[in-house]
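Novice: Here is how the chains run, residue by residue.
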Amino acid sequence: MNNRNLNLEVHHVTRVEGHGNIYVNVKDGVIERCEWAVPEAPRFFEAMVVGRPYGDLHHITSRICGICSIGHTLTSLKATEAAMGIKISEQDLKLRKLALHAENLQSHVLHLGFLVLPDLLGVGSVIPLASSNPEEVKTVLRLHRKANEMSNLLCGRTTHPQRLIPGGFSKIPSMKELTALREKLKESIPDLQAVAALFKALSPKLPDFNRETEFIALTNSDEYALYDGKIASTDTGTAPVGEYISYTNEYVVPISTAKRTKHARESYMVGALARFNLNYDQLSPLAKKTAEMFNLKPVCHNPFMNNIAQLVETVHSLEDSIKLIDELEASGLKSQPDYNKPEIKVKAGRGVGAIEVPRGILFHDYTYNDKGYCTKANCIIPTNQNHGNIELDLKALLPQILDKSEKEIELTFEMLVRAYDPCISCSTHAVKVHFV
Amino acid sequence: MKPKVAFFDFAGCEGDQLQIANLEEDLLALLGQVEVVSFREVMKEHSDDYDIAFVEGSCTRLQDEDRLKQIRKNAKIVVAIGSCATIGGINALRNYREIDDAKRIVYGDSANLFDAYTARPIDAIIPVDAYVHGCPIDKDEFLHVVKSLLLGKKPDIPTYPVCVECKKNENICAFERGQFCVGPVTRAGCNSCCINEGTICWGCRGLVDNPNENAQKEVLIKNGLTVDDAIKKFRLYFGWQERRR
Chain A
1 MNNRNLNLEV HHVTRVEGHG NIYVNVKDGV IERCEWAVPE APRFFEAMVV GRPYGDLHHI
61 TSRICGICSI GHTLTSLKAT EAAMGIKISE QDLKLRKLAL HAENLQSHVL HLGFLVLPDL
121 LGVGSVIPLA SSNPEEVKTV LRLHRKANEM SNLLCGRTTH PQRLIPGGFS KIPSMKELTA
181 LREKLKESIP DLQAVAALFK ALSPKLPDFN RETEFIALTN SDEYALYDGK IASTDTGTAP
241 VGEYISYTNE YVVPISTAKR TKHARESYMV GALARFNLNY DQLSPLAKKT AEMFNLKPVC
301 HNPFMNNIAQ LVETVHSLED SIKLIDELEA SGLKSQPDYN KPEIKVKAGR GVGAIEVPRG
361 ILFHDYTYND KGYCTKANCI IPTNQNHGNI ELDLKALLPQ ILDKSEKEIE LTFEMLVRAY
421 DPCISCSTHA VKVHFV
Chain B
1001 MKPKVAFFDF AGCEGDQLQI ANLEEDLLAL LGQVEVVSFR EVMKEHSDDY DIAFVEGSCT
1061 RLQDEDRLKQ IRKNAKIVVA IGSCATIGGI NALRNYREID DAKRIVYGDS ANLFDAYTAR
1121 PIDAIIPVDA YVHGCPIDKD EFLHVVKSLL LGKKPDIPTY PVCVECKKNE NICAFERGQF
1181 CVGPVTRAGC NSCCINEGTI CWGCRGLVDN PNENAQKEVL IKNGLTVDDA IKKFRLYFGW
1241 QERRR
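Chains A and B, in that order, give the protein sequences. With the first letter of the first sequence counted as 1, position 131 gets the number 131 in this note's numbering; the numbers rise by one all the way through. With the first letter of the second sequence counted as 1, position 118 gets the number 1118 in this note's numbering; the numbers rise by one all the way through.
No lab work stands behind these hints: they were computed from the structure. Take the hints with a grain of salt, since some may be wrong.
[Said to hold, decoys possible] Derived pair list, reagent style SDA-like, types lysine to any residue, alpha-carbon separation capped at 20 angstroms:
1. B:K1233 with A:D56
2. B:K1233 with A:R211
3. A:K176 with A:Q91
4. B:K1044 with A:V123
5. A:K262 with A:R211
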């Protein structure tokens, strides 16, 4: 192995959202290059929104990502609302939390069922599984469809929501629709347990790889933080969202159109595993049980376990959604006018919004002039925050698997990148291994 | 022999490919009729031997052009899916700003590291055989276009504005609610989905063919607007089409 030569180039890692490449070069057993690059076309959203009125911003920034469009819309609205001092009602807050759970469910189920499962079953995509494992595929499709129905009900759409607007909602579901949704969610619990059992049976295929790193996520004393909270780090404690710049410290590397970030160390990780590690105690009872099935405990430093943390969160989102609908029922759902458009008192100011979207902590930061036009914007996307950590993981993993075949190395690397569920459109877009 | 299909993406959010994944059971039925040979977002395998290419996203840099031309060479039929591919989409919003300015805003001192030019739809580079408009695309319209292509027919895409569908749905006109809406100049086919959800038409399906002649003029006249006013006032999605007019 000492004199191994390896030139590996994964150009556009598949089964991830967007384009990313891996470059590996080993000469006489010495690793000369091991890089993670994002060649995706830059999108310039921060330039696009400048000069646009406040009512357009959430619509535009939703288009940063098709998969987490609800998360981008909500973060954008929170930034605008913070800038103008707009308060939303307790009821709208609960409905927004439901919308976020819908996205979390949809995104995690899509990732686990369509993108990760094929690796664990040794095939190239979910397509052959439709005939080889029809029951499993149907279970995943059922869960995915229910999550989409939930998005439809809350947002008026599955991708690029419509009903979410500054100050609240243009339209809300009826209590009857919400209770029907609750029944569907309850019916989904056995399906989710079946998926958990399937992943449990396949979990030995997830590599046992650990590299200590820093985890960053929102935290909230009242609940498992998704919609709101303070920034928390496993290295340094907590800080208000307004201080995000001192956490993200963005920098540009020439090989990638996606920016990177670092905080207390050379890199940090965001996403389901970061949230799990920081906020484990607040998970729902069934979610904790699911974690126990996999012996997953905080603080876990195996990035491959991000997949399992997503599974755990799926259970949490389901249980918490049922609880939120119970609460809406108990307080009585107040109706609102058709074509609702909350009155907004436009004022100049700056506002930062932060939300835990499926892939991690997302920041939007807007400045408005006194006419309500955007003069400056900054968006920091979860996948960008993970790029640096992905590369350091690849570098630490390579010596451990260097005795394996090129094919196995490539698969393990791709599995690692996929475990982060990178959203490269978001980070401009990212994945592919180049062994050069 | 089943037709071979491939999916490609350029600058965009991949929300249209997600809409295709969201077909759920219908997707399984569709997979019975075609053979997917390339779909980077969901499969590892890739082949350049395909009959129909579905392309999402805008062309935003010189290096995209070669890739598009290669796709055109390989495919018998090229279908543009989603606003970014059909009309330039939200990407074209940046066309109102000098590109160097946009680069500097986003990448600061490192701006010159990255290549980018005016965002444009894919038919600015290669001939396109069929369009699935919208941001995101409508699942049913996608199925309609695919079925038509498989049967060798021309897909039936509306050439009238969103107002027609909106009135049929008995919505209260956005102008009457004191809001501004581009339904009068935007191509229908979405069943006025955004207005149905209580908001406005944002124009994601692009300008209707010949908006001067065919637009819902009465709504605009009543509100003291011309077609050109409407287009200028609201430029979220028309940044490439307006340039061409």
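Novice: Any of the earlier hints contradicted here, and which numbers?
Specialist: Going through the list in order, the structure violates hint 2 alone and respects the others.
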